[in-house]
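This is what each chain is made of:
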Amino acid sequence: MAIDVLNPTPPDFKRVAGRDQVPPHVPEELIHSAGITFGPEFLAAPHAYMAAMHQKFPPLYYDVSPFGNAWLAIKHEDALKVLRNPEVFSNEGATPFPRDPDDYFYFIPQEIDPPQHRKYRNIVDPMFSPQGVLKLEATMRELANELIDEIIANGQCEFTTAFGRPFPVTIFLRLMGLPVEMTDTFVDWAVSLLHSNDRAIMAETMTKISAYLKAAIEEKKRQPDDGVVSRIVHAQIDGRPMHDKEIFGFVIFLFIGGLDTVFATLNNIWLWLANNPDRRREMIADPGNINAQVEELLRVHSVTFSGRTIVKDHEMRGVQLKAGDKITCILPACNFDPEVFPNPTVVDFHRPRQIVLAFTVGVHSCMGAHLARLETKVAIQEWLKRIPDFAVKPGTQIVYRPGGVVGPHHLPLVW
Amino acid sequence: MGKVTYVGVDGSRTTVEVAEGENVMRGALYNAIDGIIGECGGGLACATCHCYVDDSWADRVGTPASREEDELLAAASAPRRATSRLSCQIVMDPAIDGLIVHLPETQY
Chain P
1 MAIDVLNPTP
11 PDFKRVAGRD
21 QVPPHVPEEL
31 IHSAGITFGP
41 EFLAAPHAYM
51 AAMHQKFPPL
61 YYDVSPFGNA
71 WLAIKHEDAL
81 KVLRNPEVFS
91 NEGATPFPRD
101 PDDYFYFIPQ
111 EIDPPQHRKY
121 RNIVDPMFSP
131 QGVLKLEATM
141 RELANELIDE
151 IIANGQCEFT
161 TAFGRPFPVT
171 IFLRLMGLPV
181 EMTDTFVDWA
191 VSLLHSNDRA
201 IMAETMTKIS
211 AYLKAAIEEK
221 KRQPDDGVVS
231 RIVHAQIDGR
241 PMHDKEIFGF
251 VIFLFIGGLD
261 TVFATLNNIW
271 LWLANNPDRR
281 REMIADPGNI
291 NAQVEELLRV
301 HSVTFSGRTI
311 VKDHEMRGVQ
321 LKAGDKITCI
331 LPACNFDPEV
341 FPNPTVVDFH
351 RPRQIVLAFT
361 VGVHSCMGAH
371 LARLETKVAI
381 QEWLKRIPDF
391 AVKPGTQIVY
401 RPGGVVGPHH
411 LPLVW
Chain D
1 MGKVTYVGVD
11 GSRTTVEVAE
21 GENVMRGALY
31 NAIDGIIGEC
41 GGGLACATCH
51 CYVDDSWADR
61 VGTPASREED
71 ELLAAASAPR
81 RATSRLSCQI
91 VMDPAIDGLI
101 VHLPETQY
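Taken in sequence, the protein lines are chains P and D. When we follow full-length UniProt numbering, the leftmost residue of the first sequence carries the number 1, and every step to the right adds one. When we follow full-length UniProt numbering, the leftmost residue of the second sequence carries the number 1, and every step to the right adds one.
Hints are not guaranteed to be accurate.
[Claimed, not checked] One-sided and incomplete, this derived list gives chain P residues near chain D with beta-carbon spacing under 7 angstroms:
(1) Arg84
(2) Pro86
(3) Ala162
(4) Gly362
FYI, nobody ran anything at the bench for these hints, they're computed from the structure. Beta carbons are placed, not taken as given, at the ideal position from N, Cα and C, and that holds for glycine.
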């Protein structure tokens, strides 16, 4: 069904979940259950588990789960094909957050396919471009050092709350023009939405977020500023002001996308840094290679997945995909594809540049990618300058949270 | 501002104004020119804004600006030529006002 951006309607795709809801065109030998992102094997060591999927599962198979059945693509090549072919693999209905069917809206630009999609991206891209985010670098470095000032003398910290959370979320809220003092509330909302795995909690959280953002949007209408929310509120598209549902769908999408992803990424990377002192020293000794270091660390610590809805029957790897099926690209697994990244689990800061799927590909590539890369780089540089040696607190059991953004729940560090 | 002309594979020519400091990939995206995708947004993480600099401009525009650009061009979908560049790495300045770039048959 073609999307009419001005009259949002819920998609009519049926939600399919569990063994007894496998459609008849799926061959029995392609049905498996990987337990992403909730199974005990996955949660014990998610990235190692996803790297090992290449040995354990067919390259394209039908995954059955209580949270929804879908084809899973784990090959790098297949992810590129899926994510670059919106005519077959549509973003409509691909975002899992529950919405009121009587007051439906689209997540913009995530759920909008080309060519409309580009018009929305053009509104915000200048602020999120490599040049745009560079304007934030000096304040990012200041913020990193302020956060380190507060913990350095203690010789220890809970990394997730002392740095992993406040660093990216503060930068993001300043950029959006939203109040930084609301950080804890916003993050609690994001956690309920992304990690509860419970539709009722998700719906209740969506209601809270919606009420807050609608009020914030009204305020920006009255009092414009130079933040992203205000820019969206006052933007024109096709020579007309945006409608309220477009503005809301755009703002809420950025809001959800901005609160949890870099947080999880930093937590993953710091766990690796803490456990790999030799590699840390190697990075410190080679400061000119920081960009490649960041890219490689993003490759092996990717945190998210890309889901699409198949809208036309399509064959891939000899497998028949049918309109109405869902497909999810397991981006972290694709980043461990041995055909593209030889010795995939080895962190190698001198790999030739390849497409790393941390931020997905295709027109829906993450608009925050440059912000995320710069944040990761600045955080690593400033932290290693002042706390070059650190370890996970002895006796710690690392526990991962279930949900669509993969990272450790707690990360106590000592130095 | 400077002018950039994008020549499609079918020979169609589109000339647009690109702000100084802005790159040639964005010039195409802002003006809905087909043939440049720029999916990573200029982060040197894909090769989907590949273009061939017109021979008459090749000297002024120069060769790839970094090792990353060079490596990614090797992964570009259309054949690499001596004048191949990633258009996100060509930044508008007065010296290249009037630039002509040719778009490849495919970016994927």
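These are the hints, each one checked on the structure:
1. Arg84: P:Arg84 check passes; min Cβ-Cβ to chain D is 5 angstroms, inside 7 angstroms.
2. Pro86: violated (12 angstroms)
3. Ala162: With a closest approach of 29 angstroms, the P:Ala162 hint is violated.
4. Gly362: holds (6 angstroms)
Hint check: violations occur at hints 2 and 3; the rest are consistent with the structure.
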